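As they're listed, the protein sequences go chains A and B. Positions 2 to 425 (my numbering) are the ones given, in order, by the first sequence. Positions 2 to 425 (my numbering) are the ones given, in order, by the second sequence.
Some hints here could point you the wrong way.
Put simply, identical chains are the same to the list, so a pair is met inside one copy or across any two.
[Said to hold, decoys possible] Below, a list of computed lysine-lysine pairs in the DSS-like style, where the Cα atoms sit at most 30 Å apart:
#: 1; residue 1: K215; residue 2: K151
#: 2; residue 1: K111; residue 2: K391
#: 3; residue 1: K164; residue 2: K234
#: 4; residue 1: K37; residue 2: K276
#: 5; residue 1: K399; residue 2: K164
#: 6; residue 1: K164; residue 2: K372
#: 7; residue 1: K37; residue 2: K148
#: 8; residue 1: K352; residue 2: K272
#: 9; residue 1: K272; residue 2: K399
#: 10; residue 1: K148; residue 2: K384
#: 11; residue 1: K384; residue 2: K276
#: 12; residue 1: K123; residue 2: K215
#: 13; residue 1: K148; residue 2: K164
#: 14; residue 1: K384; residue 2: K352
#: 15; residue 1: K204; residue 2: K94
#: 16; residue 1: K114; residue 2: K399
#: 17; residue 1: K234; residue 2: K204
What the hints contain is simulated information worked out from the structure, not anything from laboratory work. Bear in mind that the values here come from a model prediction, so they are computed numbers and not experimental data.
Below are the chains, spelled out letter by letter.
2 protein chains.
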Amino acid sequence: MNNDRINASIITIGDELLIGQTIDTNSAWMGQELNKMGIWVKRRVAVGDVYDEIWNALDEESRQSQIILITGGLGPTADDITKPLLCAYFGGKMVVDEGALQNVKNIFEKYIKRPMLDSNLKQAEVPDVCTVIQNHRGTAPGMWFEKDGKIFVSMPGVPHEMKNMMTEYVLPRLPAMFSLPAVVHRTLLTAGLGESYLADRIKEFEAALPPHIKLAYLPNFGMVRLRLTATGKNETEIIAEVDQLFEELQNQLQDVMVINEDITLEEAIGKLLAKNGKTVSTAESCTGGYIAHLITSIPGSSAYFLGGVVSYDNSIKRGVLGVNEGTLTNSGAVSEETVRQMAEGVKELMKTDYAISISGIMGPGGGSEEKPVGTVWIAVAGKSATVTQKYQTRYDRKRNIEVTAINALNMLRLSIVADSSGDE
Amino acid sequence: MNNDRINASIITIGDELLIGQTIDTNSAWMGQELNKMGIWVKRRVAVGDVYDEIWNALDEESRQSQIILITGGLGPTADDITKPLLCAYFGGKMVVDEGALQNVKNIFEKYIKRPMLDSNLKQAEVPDVCTVIQNHRGTAPGMWFEKDGKIFVSMPGVPHEMKNMMTEYVLPRLPAMFSLPAVVHRTLLTAGLGESYLADRIKEFEAALPPHIKLAYLPNFGMVRLRLTATGKNETEIIAEVDQLFEELQNQLQDVMVINEDITLEEAIGKLLAKNGKTVSTAESCTGGYIAHLITSIPGSSAYFLGGVVSYDNSIKRGVLGVNEGTLTNSGAVSEETVRQMAEGVKELMKTDYAISISGIMGPGGGSEEKPVGTVWIAVAGKSATVTQKYQTRYDRKRNIEVTAINALNMLRLSIVADSSGDE
Chain A
2 MNNDRINASI
12 ITIGDELLIG
22 QTIDTNSAWM
32 GQELNKMGIW
42 VKRRVAVGDV
52 YDEIWNALDE
62 ESRQSQIILI
72 TGGLGPTADD
82 ITKPLLCAYF
92 GGKMVVDEGA
102 LQNVKNIFEK
112 YIKRPMLDSN
122 LKQAEVPDVC
132 TVIQNHRGTA
142 PGMWFEKDGK
152 IFVSMPGVPH
162 EMKNMMTEYV
172 LPRLPAMFSL
182 PAVVHRTLLT
192 AGLGESYLAD
202 RIKEFEAALP
212 PHIKLAYLPN
222 FGMVRLRLTA
232 TGKNETEIIA
242 EVDQLFEELQ
252 NQLQDVMVIN
262 EDITLEEAIG
272 KLLAKNGKTV
282 STAESCTGGY
292 IAHLITSIPG
302 SSAYFLGGVV
312 SYDNSIKRGV
322 LGVNEGTLTN
332 SGAVSEETVR
342 QMAEGVKELM
352 KTDYAISISG
362 IMGPGGGSEE
372 KPVGTVWIAV
382 AGKSATVTQK
392 YQTRYDRKRN
402 IEVTAINALN
412 MLRLSIVADS
422 SGDE
Chain B
2 MNNDRINASI
12 ITIGDELLIG
22 QTIDTNSAWM
32 GQELNKMGIW
42 VKRRVAVGDV
52 YDEIWNALDE
62 ESRQSQIILI
72 TGGLGPTADD
82 ITKPLLCAYF
92 GGKMVVDEGA
102 LQNVKNIFEK
112 YIKRPMLDSN
122 LKQAEVPDVC
132 TVIQNHRGTA
142 PGMWFEKDGK
152 IFVSMPGVPH
162 EMKNMMTEYV
172 LPRLPAMFSL
182 PAVVHRTLLT
192 AGLGESYLAD
202 RIKEFEAALP
212 PHIKLAYLPN
222 FGMVRLRLTA
232 TGKNETEIIA
242 EVDQLFEELQ
252 NQLQDVMVIN
262 EDITLEEAIG
272 KLLAKNGKTV
282 STAESCTGGY
292 IAHLITSIPG
302 SSAYFLGGVV
312 SYDNSIKRGV
322 LGVNEGTLTN
332 SGAVSEETVR
342 QMAEGVKELM
352 KTDYAISISG
362 IMGPGGGSEE
372 KPVGTVWIAV
382 AGKSATVTQK
392 YQTRYDRKRN
402 IEVTAINALN
412 MLRLSIVADS
422 SGDE
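Looking at chain A on its own, in the form it has when it is part of the complex:
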């Protein structure tokens, strides 16, 4: 137990979280941001819209942590009880905040263009014992309370509203209030080796790490992210120390390393294409546009992604991509020859340097004895040759699509790497 450590607790309020109508993405984002600053999220608790349970959670978490961040329970509909509760908990009375009122009025005038309701006006009421955090993205204000040297911040549950308040107001105020350590992360993205094999290969490296530097394995879809985290007082010192260890880790895992940054595979590919001045296009059957979506989720992707075809029906494979009728009849849509022609077809159609194509059976229906659900063919057409590979995935439809996208992107990456090392 580190007594110097600054702990945070996250309390999320709302029946919709407990009954699973909403997936909590806020807590993960908050955890990341706090962690970067050297604040440890000790616990995360979700409670329903029940007065006593919210009250108890406040009591309980304030015994565990110096910073208590609360999201949810501030919407305009009647079932919300959080604001009056906070008012009672911190011993205040409700007043109208002029800034919050003006904000609600502005949003209605500019975007909603309907008359305001009483429930909207009530959003401008806050306990008089808080500092109001204005909401630049929505109508519910945030509230900052202090009690016994601890900080409590209540924010709306809408992710982009909460993030805006955290980034603009909450996070910048924390370093002045707490003595925070320096924290440095270094992340290596690997592909091709499972978690336990990686751990086995670097077990001596891991065993030799000093106690203030930790190694985490973060597996996801056949890739594993390895993260070194160093904590200390002197930032310059721990940076030097962690950089040396990170160098060593990269040397040991060179053959499975994708990139030495904490970015996604699609970002890594974007950088690689941009650096080499190359372009790519996609021809997707079973992934239905998901790979194009991943590539274009990166800002600036228009520099290297020209376009794609989702050739779901065989008529599109033939008519738009130029796959042979005979190939589709004899080998089928899920075959090496079909994906080869799809990749070469879209590369020609869109005049790109590279093209990826995918055809497979994602389930739950559509499988046969010869080609069971999960059978996937992928092709990458590159500078000189087209590479093909068969995969067998074994999950549900959603995950099969996700895994297949990662497999295809990694094949593309390997082709680019092979071509560009040939250039040197």
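Position chain B against the provided structure of chain A, taking the given hints into account.
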């Protein structure tokens, strides 16, 4: 406080959750499944890989709930402490489970095809005081413990492994152990009216609801899901009661109702197209394949979705979709005339009954004074006419893409509904 209520607590274990490397999707799924059976998730707690904190969470949650579901902390790498802790907590000793050992061996033989490591073999060890739940999707077995009339189930954190154990083993055993109420849900998907306006329109309906029937507002991307939940002893009675209220709710909200089922917009559209025997194609610029992905995420979508073009670069809009050079030069890629030609072009190319097209600026870059980030044009080409609409979104890139997809799908839906009502 309802004393008859059966409560569950969910404990998730793992530093990766607290530092935000992993988004917890398990809890939402578990909450949904339990809720359907009449079990109320009272609390959800996430703790790190810290012995005392896991122990305390077990103590604490067993005071709140009869069912304690634990996920995570069972991976093969060294930092996992959960299994020995459970062994000590329930007073057992570790033994090798033959079934689990055989399962690990099978998975290595069939899928991984590498020699097993000690860390893999250790996954077959379990406390001798638990009932083992075999893992049909991975190597870590689940563990079922009973203590003082309460149930504790420990499962891996990998979502599809956990879901398989819950569906095949855990959930089917609960009704025999607890006296559960009947719970009935009815869900209405609406579009076009915000949460507070909906609430205002049906406030009398809501005020007149009996105490055992609750109404929840679940807003998401400009759509709001309204859910009636009835709880009672006699299932037949509450079904009759909730169905009558649901009928009334549908009557009051007919103009904004998308569908009277708990499904997504893309599923609702799929049903509509299938029912009318119609097909659709897509031409996406700024959404980069995301709409095609949403449509094809639905099993069986190949019956009505033929394909799409992601025309990211203007050369693809011209060369593949046939957009006029002059239109692109004079009106620009983000314009009414361009999306009209894109929709009509892809409809012709893929020979579908309907086509959607989208062109816009998703940010963060690419905006101008005349066309700021968030400017989006959408067209739907239908039976007789092409409908166009301009939108202004105001979020980050990811959310702009998501909101735009919902807007486009809803425009498609309205076109199909208009056309098919014209048929009658």
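Violated hints, by number in ascending order, as checked against the structure
Per hint list: single violation, 10.
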